[in-house]
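K.L.:
So the chains spell out like this:
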Amino acid sequence: AQSVAQPEDQVNVAEGNPLTVKCTYSVSGNPYLFWYVQYPNRGLQFLLKYITGDNLVKGSYGFEAEFNKSQTSFHLKKPSALVSDSALYFCAVRDDQAGTALIFGKGTTLSVSS
Amino acid sequence: DSGVTQTPKHLITATGQRVTLRCSPRSGDLSVYWYQQSLDQGLQFLIQYYNGEERAKGNILERFSAQQFPDLHSELNLSSLELGDSALYFCASSVTSPGGGSPLHFGNGTRLTVT
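Respectively, the protein sequence lines represent chains A and B.
Position 13 (the first sequence) corresponds to 13 in this note's numbering; numbering is contiguous.
Here this note's numbering runs 114 ahead of the position in the second sequence, where the first position is 1.
Hints in this document: simulated from the structure, not taken from any laboratory.
The reader is advised that the hints may include incorrect statements.
Per the computed footprint, the stretches of chain B lying under chain A, defined by three or more beta-carbons under 8 Å from a beta-carbon of chain A, are [as the list claims (entries may be wrong)]:
1. 150 to 159
2. 217 to 229
Derived, one-sided and incomplete: chain B residues facing chain A with beta-carbon distance under 10 Å [unchecked claim]:
3. Y147
4. A170
5. F178
6. A206
Ideal placement from N, C-alpha and C gives every residue a C-beta, glycine not left out.
Sequences and hints are given; from them, build the entire structure.
P.N.:
See the structure below:
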């Protein structure tokens, strides 16, 4: 079965500092990994994905994520946080052996202070 | 704007009632997914349709059903509603058939309140 864990309910960071939002996954086959962001009263917006290839993937709004197969992790990163990055972030996984539905983690609230 | 349209935005109804949520996918997308988001359960996958056919089922209750029509819009029917069904219901669409790395594109959701 597929599963995703986001171990932190909330991450607090000062504006201008680097940020990391953690994600680990479990799949039977090869993982397709995604990050989404949700602002209040809005749907989820796609940020980036890892399918295959380079372990460091770049996405929207300056975000990037690093795939680590040995640690089964896919952490979201940004070199310099903005107050406007404050939102709810979801990691999601799709097992290439088990269909197309994305399984989401419980989400991590990112709070960037000025 | 994701291109996925959900109506209505808000729905307030009483226990025991039945409601229908509607979703229009992005132009060209053949797959439609329904998710339920609640504070205690997080984002739960309910069901997926591809080009009119059911493709995958998640944690969907027997009181809930869905369908995808020839024009590719989808409806989620919730019946015998209970207080615990109060949640945000999202529709998402993607271009590909089962498998693949295509992301899902989400609508803004329908907030259902059962009183």
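K.L.:
For the hint on Y147(B), just tell me whether its beta-carbon gets within less than 10 Å of chain A.
P.N.:
Constraint on Y147(B) satisfied, holds at 6 Å.
K.L.:
Regarding the hint that A206(B) lies at the interface with chain A, is the smallest CB-CB distance below 10 Å?
P.N.:
holds (8 Å)
K.L.:
Just to make sure I understand the rule, a stretch counts as covered if three or more of its residues have a C-beta closer than 8 Å to a C-beta of the chain. Does the stretch 217 to 229 of chain B meet that for chain A?
P.N.:
holds (count 7)
K.L.:
Given that the stretch 150 to 159 of chain B was listed as covered by chain A, double-check it with a C-beta distance under 8 Å for 3 or more residues.
P.N.:
holds (count 3)
K.L.:
Min Cβ distance, A170(B) to chain A: is it shorter than 10 Å?
P.N.:
holds (5 Å)
K.L.:
Please check whether F178(B) passes as an interface residue: C-beta within 10 Å of a C-beta belonging to chain A.
P.N.:
violated (16 Å)
Violation of the numbered hints given earlier is confined to hint 5; every other hint is satisfied by the structure.
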